[in-house]
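Novice: Residues per chain are reported as follows:
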Amino acid sequence: MTILVIAEHDNKVLAPATLNTVAAAAKIGGDIHVLVAGQGAGAVAEAAAQVAGVSKVLVADNAAYAHQLPENVAPLVAELGNGYSHILAAATSNGKNILPRVAAALDVDQISEIISVESADTFKRPIYAGNAIATVQSNAAVKVITVRATGFDPVAATGGSAAIEAVGAAHDAGISSFVGEELAKSDRPELTAAKIVVSGGRGMQNGDNFKHLYALADKLGAAVGASRAAVDAGFVPNDMQVGQTGKIVAPQLYIAVGISGAIQHLAGMKDSKVIVAINKDEEAPIFQVADYGLVADLFEAIPELEKLV
Amino acid sequence: MKVLVAVKRVVDYNVKVRVKADNSGVDLANVKMSMNPFCEIAVEEAVRLKEKGVATEIVVVSVGPSTAQEQLRTALALGADRAILVESAEDLTSLAVAKLLKAVVDKEQPQLVILGKQAIDSDNNQTGQMLAALSGYGQGTFASKVEISGDSVAVTREIDGGAQTVSLKLPAIVTTDLRLNEPRYASLPNIMKAKKKPLETLTPDALGVSTASTNKTLKVEAPAARSAGIKVKSVAELVEKLKNEAKVI
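As they're listed, the protein sequences go chains A and B.
Position one of the first sequence corresponds to residue 2 (our numbering), numbered consecutively onward.
Position one of the second sequence corresponds to residue 33 (our numbering), numbered consecutively onward.
These are calculated hints, taken from the structure and not from any lab test.
Worth double-checking, as some hints may not be accurate.
Here are the simulated distance ranges between beta carbons [said to hold, decoys possible]:
1) A157/A <-> P255/B: 27 to 33 Å
2) E305/A <-> P255/B: 46 to 52 Å
3) K34/B <-> A64/A: 31 to 37 Å
4) S98/B <-> A121/A: 34 to 40 Å
5) Q138/A <-> E83/B: 44 to 50 Å
6) S56/B <-> N207/A: 45 to 51 Å
7) T235/B <-> G41/A: 34 to 40 Å
8) E140/B <-> N83/A: 30 to 36 Å
9) S120/A <-> S56/B: 17 to 23 Å
10) N83/A <-> K251/B: 28 to 34 Å
11) S187/A <-> K227/B: 50 to 56 Å
12) G235/A <-> E179/B: 20 to 26 Å
13) G168/B <-> E305/A: 56 to 62 Å
Capping the alpha-carbon separation at 27 Å, the derived lysine-lysine pairs in DSS-like fashion look like this [claimed, not checked]:
14) K220/A <-> K279/B
15) K273/B <-> K308/A
16) K265/B <-> K274/A
17) K273/B <-> K34/B
18) K251/B <-> K274/A
19) K275/B <-> K212/A
20) K248/B <-> K281/A
21) K139/B <-> K228/B
22) K265/B <-> K308/A
23) K228/B <-> K281/A
24) K225/B <-> K84/B
25) K34/B <-> K220/A
26) K279/B <-> K196/A
27) K28/A <-> K84/B
28) K274/A <-> K279/B
29) K279/B <-> K281/A
30) K274/A <-> K273/B
31) K34/B <-> K125/A
32) K308/A <-> K281/A
33) K275/B <-> K220/A
34) K220/A <-> K225/B
35) K125/A <-> K248/B
36) K212/A <-> K263/B
37) K196/A <-> K263/B
38) K48/B <-> K186/A
39) K212/A <-> K279/B
40) K52/B <-> K308/A
Everything numeric in this text was worked out from a predicted model, so none of it was measured.
Note that the Cβ used here is the ideal one computed from N, Cα and C, for glycine as well.
Modelling step: build the complete structure from the supplied sequences, incorporating the hints.
Specialist: See the structure below:
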């Protein structure tokens, strides 16, 4: 059995989610190859070769792959992937965009966002916003799978010494092109990888009040997230949203501030190790999942908390 | 141009689902069903394209049981012109649905196909991408903005770090993210009018599509319950617990 893992990267840095995906591959067992498709992504390939457990790194360097356009990358992955038992990618926006296109090209069903590996062909994944866990078996010749990063502890980023091999294949479907992107700038840790996450909801009342959460987060070395209500109200940008339709996080500590705890939000954070809820409504559903709940006005509690930690 | 919109009948997003005692699935008997929220956004976008004079006809399609007619009627009441139901009582995988939709695309030849980014029951997030692959079309997934100009469509997509814009040649596939638009409500007169709009019923057999699957669901369980937490009385007590009991800060 040989497993192909699609590297998540921006042509410069190998994204941490790749390490969680390799961890899932290691649980399946077998040789692990990593595909780096991009342009000028030499540093990414070097980093991938260092990852513990990886035996080979394939590099497809071509202008067509520069922005990970699925119309170009998916045919490449499908062509290479035919010889593998499994194709894995992280369930990031890139992985979700590309992999179903690969699965359809190979004429197999995909298994999305697995949270555990039961055996080489059987996996667990959440359905209905995490309110049920399905055990799914695949008899496909090539099993195409996206991996929920928070379900697997990352493998070590160093210790490996894989061979790097160039792949010549260039697929340019010529039906799509990259126009531009606007990335949110932040000095705080990335939301999905942070050990501590502080999130605000509608109770924050406005965007300006998020400064209280930023101050607390900076003291804790935490990332700042938000509920859909806070995003829809325009308090913060949408890439901060935690939930079924936003990001899935599972930090050591999740502090929910002014968040009621709708099903949609819980789907994104209920696997956190310790959950703290600060809300003035003691009936709020968030208290049913919180390890520590504090019924208080957040505008008094947050500054006090910032002082004490 | 013609726009095809795919909609799915799913359990209403406000319902807290229960797993069946025999672990065969989720109990959907007597549970409120609705149009998948992302599909509502897809219908809304198509209707707005028609209002702008870009779209000339909106065809709405659903793959599912005969009761999915309710969701098709809802889409017709919101502004779709006609509906197609591909009737199948089975629980189909995304690939099977994508193959059925491909057959409908071949038949209808739309310039733009809009789907939701994921259904809130299976949470797969696959069908749009698979349909794009099978049709050989470009895909604009997780769209927060769609602009058609001439023979291409510019799609602004929500990605992990922010937003990205891609340009796709038409025909193309777009899947909607939450922030694309705010869907309207169907008015009573429009609900009445929708009853008279055409609704065609097809079957996978008639479309010549095999819905066989390489996946099998072995069981469905309730997630592990979290042990009950405690309420603290003050911020000081909270900090003390986090430091000494949970040891997370």
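Novice: Hint by hint, note whether the structure agrees.
Specialist: Taking the hints in turn, this is what the structure says about them:
| no. | hint | result |
| --- | --- | --- |
| 1 | A157/A <-> P255/B: 27 to 33 Å | holds, 29 Å |
| 2 | E305/A <-> P255/B: 46 to 52 Å | violated, 34 Å |
| 3 | K34/B <-> A64/A: 31 to 37 Å | holds, 34 Å |
| 4 | S98/B <-> A121/A: 34 to 40 Å | holds, 39 Å |
| 5 | Q138/A <-> E83/B: 44 to 50 Å | holds, 47 Å |
| 6 | S56/B <-> N207/A: 45 to 51 Å | holds, 47 Å |
| 7 | T235/B <-> G41/A: 34 to 40 Å | violated, 51 Å |
| 8 | E140/B <-> N83/A: 30 to 36 Å | holds, 32 Å |
| 9 | S120/A <-> S56/B: 17 to 23 Å | holds, 21 Å |
| 10 | N83/A <-> K251/B: 28 to 34 Å | holds, 31 Å |
| 11 | S187/A <-> K227/B: 50 to 56 Å | holds, 51 Å |
| 12 | G235/A <-> E179/B: 20 to 26 Å | holds, 22 Å |
| 13 | G168/B <-> E305/A: 56 to 62 Å | holds, 59 Å |
| 14 | K220/A <-> K279/B | holds, 16 Å |
| 15 | K273/B <-> K308/A | holds, 16 Å |
| 16 | K265/B <-> K274/A | holds, 21 Å |
| 17 | K273/B <-> K34/B | violated, 61 Å |
| 18 | K251/B <-> K274/A | holds, 26 Å |
| 19 | K275/B <-> K212/A | holds, 24 Å |
| 20 | K248/B <-> K281/A | violated, 45 Å |
| 21 | K139/B <-> K228/B | holds, 23 Å |
| 22 | K265/B <-> K308/A | holds, 17 Å |
| 23 | K228/B <-> K281/A | violated, 50 Å |
| 24 | K225/B <-> K84/B | holds, 22 Å |
| 25 | K34/B <-> K220/A | violated, 54 Å |
| 26 | K279/B <-> K196/A | holds, 13 Å |
| 27 | K28/A <-> K84/B | violated, 52 Å |
| 28 | K274/A <-> K279/B | holds, 11 Å |
| 29 | K279/B <-> K281/A | holds, 25 Å |
| 30 | K274/A <-> K273/B | holds, 14 Å |
| 31 | K34/B <-> K125/A | violated, 40 Å |
| 32 | K308/A <-> K281/A | holds, 20 Å |
| 33 | K275/B <-> K220/A | holds, 14 Å |
| 34 | K220/A <-> K225/B | violated, 59 Å |
| 35 | K125/A <-> K248/B | holds, 12 Å |
| 36 | K212/A <-> K263/B | holds, 26 Å |
| 37 | K196/A <-> K263/B | holds, 23 Å |
| 38 | K48/B <-> K186/A | violated, 36 Å |
| 39 | K212/A <-> K279/B | holds, 26 Å |
| 40 | K52/B <-> K308/A | violated, 48 Å |
When the structure is compared with the earlier hints, violations turn up for hints 2, 7, 17, 20, 23, 25, 27, 31, 34, 38, 40 and for no others.
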